[in-house]
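**Q** Position chain B relative to chain A; hints supplied.
There are 2 protein chains.
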Amino acid sequence: METVEVDLGDRTYPIYIGRGLLDKGELLRRHVPGKRALIVTNTTVGPLYLDRCRAALEGGIEGIKAEAVVLPDGEQYKSTEVLMQVWDKALEARMDRNTTFVALGGGVIGDMCGFAAAAYQRGVHFIQVPTTVMSTVDSSVGGKTGVNHPAGKNMIGAFYQPRCVLIDVDTLETLPDRELASGISEIIKYGLIRDPDLFVWLEANMERLLQRDPEALTYAIQRSCVNKALVVAADEREGGVRATLNLGHTFGHAMETSQGYGVWLHGEAVAAGTVMAADMSYRLGWIEKDVLDRTVRLLERAKLPIAAPAGMTKEDFKSIMAVDKKVQDGKLRLILLKGPLGSCVVTGDFDPAALEATLDVFAQA
Amino acid sequence: METVEVDLGDRTYPIYIGRGLLDKGELLRRHVPGKRALIVTNTTVGPLYLDRCRAALEGGIEGIKAEAVVLPDGEQYKSTEVLMQVWDKALEARMDRNTTFVALGGGVIGDMCGFAAAAYQRGVHFIQVPTTVMSTVDSSVGGKTGVNHPAGKNMIGAFYQPRCVLIDVDTLETLPDRELASGISEIIKYGLIRDPDLFVWLEANMERLLQRDPEALTYAIQRSCVNKALVVAADEREGGVRATLNLGHTFGHAMETSQGYGVWLHGEAVAAGTVMAADMSYRLGWIEKDVLDRTVRLLERAKLPIAAPAGMTKEDFKSIMAVDKKVQDGKLRLILLKGPLGSCVVTGDFDPAALEATLDVFAQA
Numbered sequence: 000m001e002t003v004e005v006d007l008g009d010r011t012y013p014i015y016i017g018r019g020l021l022d023k024g025e026l027l028r029r030h031v032p033g034k035r036a037l038i039v040t041n042t043t044v045g046p047l048y049l050d051r052c053r054a055a056l057e058g059g060i061e062g063i064k065a066e067a068v069v070l071p072d073g074e075q076y077k078s079t080e081v082l083m084q085v086w087d088k089a090l091e092a093r094m095d096r097n098t099t100f101v102a103l104g105g106g107v108i109g110d111m112c113g114f115a116a117a118a119y120q121r122g123v124h125f126i127q128v129p130t131t132v133m134s135t136v137d138s139s140v141g142g143k144t145g146v147n148h149p150a151g152k153n154m155i156g157a158f159y160q161p162r163c164v165l166i167d168v169d170t171l172e173t174l175p176d177r178e179l180a181s182g183i184s185e186i187i188k189y190g191l192i193r194d195p196d197l198f199v200w201l202e203a204n205m206e207r208l209l210q211r212d213p214e215a216l217t218y219a220i221q222r223s224c225v226n227k228a229l230v231v232a233a234d235e236r237e238g239g240v241r242a243t244l245n246l247g248h249t250f251g252h253a254m255e256t257s258q259g260y261g262v263w264l265h266g267e268a269v270a271a272g273t274v275m276a277a278d279m280s281y282r283l284g285w286i287e288k289d290v291l292d293r294t295v296r297l298l299e300r301a302k303l304p305i306a307a308p309a310g311m312t313k314e315d316f317k318s319i320m321a322v323d324k325k326v327q328d329g330k331l332r333l334i335l336l337k338g339p340l341g342s343c344v345v346t347g348d349f350d351p352a353a354l355e356a357t358l359d360v361f362a363q364a
Numbered sequence: 000m001e002t003v004e005v006d007l008g009d010r011t012y013p014i015y016i017g018r019g020l021l022d023k024g025e026l027l028r029r030h031v032p033g034k035r036a037l038i039v040t041n042t043t044v045g046p047l048y049l050d051r052c053r054a055a056l057e058g059g060i061e062g063i064k065a066e067a068v069v070l071p072d073g074e075q076y077k078s079t080e081v082l083m084q085v086w087d088k089a090l091e092a093r094m095d096r097n098t099t100f101v102a103l104g105g106g107v108i109g110d111m112c113g114f115a116a117a118a119y120q121r122g123v124h125f126i127q128v129p130t131t132v133m134s135t136v137d138s139s140v141g142g143k144t145g146v147n148h149p150a151g152k153n154m155i156g157a158f159y160q161p162r163c164v165l166i167d168v169d170t171l172e173t174l175p176d177r178e179l180a181s182g183i184s185e186i187i188k189y190g191l192i193r194d195p196d197l198f199v200w201l202e203a204n205m206e207r208l209l210q211r212d213p214e215a216l217t218y219a220i221q222r223s224c225v226n227k228a229l230v231v232a233a234d235e236r237e238g239g240v241r242a243t244l245n246l247g248h249t250f251g252h253a254m255e256t257s258q259g260y261g262v263w264l265h266g267e268a269v270a271a272g273t274v275m276a277a278d279m280s281y282r283l284g285w286i287e288k289d290v291l292d293r294t295v296r297l298l299e300r301a302k303l304p305i306a307a308p309a310g311m312t313k314e315d316f317k318s319i320m321a322v323d324k325k326v327q328d329g330k331l332r333l334i335l336l337k338g339p340l341g342s343c344v345v346t347g348d349f350d351p352a353a354l355e356a357t358l359d360v361f362a363q364a
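In order, the protein sequence lines correspond to chains A and B. Residue 131 in numbering that gives the first Met the number 0 sits at position 132 of the first sequence, with consecutive numbering throughout. Residue 344 in numbering that gives the first Met the number 0 sits at position 345 of the second sequence, with consecutive numbering throughout.
Next up, chain A with everything else stripped away, as it sits in the complex (with noise of 0.2 Å):
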């Protein structure tokens, strides 16, 4: 078992990663301060992993008693009359602010069940058991929950911080292929932003991550909650540095906004963002060609898309990024590819001509 701290004063925590830990429960009720936990799931995941959840919460001394919430599976669900459910089903079991709240699932669930434990009697204890590779590498680490509103991705949520994380790659084996690809890019992002010898281990090992070889996927995933964690522990609150995350996702989250969410996964729309990162960033000399094809070849051999959905025009792009987070006082600020392999930058400093350009390539006028 790998353990990965993140690091932020009086609410660090662990993520545990590694085989099996969902059959090693003193992992999980060593982070139970109380006698109660809701178990927050969806009707994928808790078909296949609520009975062993809820029995390594319950099948210590502690005298622990879980109750569970089976939401329905998908991106689309991650709205504000979902999450009242998870309130509902906390008020109807009588549950005190000295609950714990657990998510079993993806980022949607871990998204959700986190803001449901942020505001439920203005703050219960929380912890992630995240079982898609997209919610290992990303969600699970940082604090960040929150759920969408029809105008935007994520627009009602806090900072929360889980008091662990348990990662048990086990699960992965169920995960579907396009999940899987979904999450490899967000790990493929941690080398292009930062870390150049992950994204040069990613290429010697792709094809073992996809058929989901354990060490490898224990390793990748390790080693990007090394990279999340010390970004975030240098940024809690993104102010700076952490934005750096989000390569790809201006242009990613236009487009899952522009189809409606659910039809690409979220990792999808991230890779094909990453590309127009690149090329923009290729663009304005940033960049080497170099680095744009070996992104581009290595979400490629990921089975990532690397191109817009057929059909969104500029304006789609233009419209959606104006209400982006990022903007800052009416200016646009990007995630951009900026020196060698591994930097980048977050500016609203850039050649316009640069992103019309991008945009005229990727998508309809």
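It is worth saying that the hints were derived from the structure and are not from the lab. This one's a predicted model, so the numbers in the text were calculated from it and none came from an experiment. It is possible that some hints are incorrect.
Identical copies go unnamed one by one, so any copy, or any two together, can satisfy a pair.
What the hints assert, rightly or not - Pairs of lysine to aspartate or glutamate residues, derived as EDC-like cross-links and limited to a Cα-Cα distance of at most 16 Å, are as follows:
1) LYS34 <-> GLU57
2) LYS330 <-> ASP95
3) LYS23 <-> GLU1
4) LYS88 <-> ASP348
5) LYS152 <-> ASP95
6) LYS313 <-> GLU172
7) LYS23 <-> ASP169
8) LYS64 <-> GLU91
9) LYS23 <-> ASP359
10) LYS152 <-> ASP87
11) LYS152 <-> GLU91
12) LYS152 <-> ASP348
13) LYS317 <-> GLU355
14) LYS288 <-> ASP359
15) LYS337 <-> ASP289
16) LYS337 <-> GLU57
**A** Using the frame of chain A, we list chain B on its own:
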């Protein structure tokens, strides 16, 4: 103008109290970091003060642009559904995370706007402009925000601090008499739990307060805010001493629940509850007769109820108090007066016969 500093480390903020402050826009604007503000108010306060609040925000050279959302007035609208209207408006106006939400109104508006700010894009800036005595001395200090759920009051919310609180005592001119008295009930509370000099001042100046003498209002509000700020700074998340702020609230909450919310104002129920707490403290031999008599007399002079609503039974009180948030391990804890004027305790360690005797006097068999 008086300024009270609420000392919370890097979330320290000032409370400004005085006449005509709504016309001193620079006071507000220095706490607005970006260029956009969303004023949240209701159908009662909006027609009276929205234009002035907007002018204060937009009046400087800073180029701030303020939008407004006007909600229905009343505790029954402190719901997740109405909360959504705030987020809808902010998103419709494409407000980014450098926006400032401004609560213009009483406690319901402050609580709802505060939670809306805490969760909008994971937290935007927040300013309070309370326009009731109750909200100036109670809900505007301490960072408790939230909305009600059909299963309980304030069940969904956050601890979230404003960047400043601006109290223009001139806005209290338009407050209905019952609302004025309701707020004074909380001011009397500060005298009883920790500030005997304030209590003595109230005995000498109650008529000035009831006549809304601006100087008297400024003094009473400033002194109340200092008291609450000191208690909150010592115990931000309600582990200990903050519970003393609930003097009279356990009995009062039983009255509000029994009658249904909105029949009595919050401060009216607290007043009658305070008389019951003082009566019980006297029966326990913890205070002199003089303290009891002066408490009853002062509340009476403020035109507040000093007895429970007609028809409430002992069983009504007992069944509702049994599920109070301060119950620990099945034992009811109360805030009771003990010692000279201005001293209190939070305790479950009292002779139950005293509680029985108080209920015998104040409730029907």
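**Q** Of the numbered hints stated previously, which ones are contradicted by the structure, given in increasing order?
**A** 4, 6, 9, 12, 14, 16
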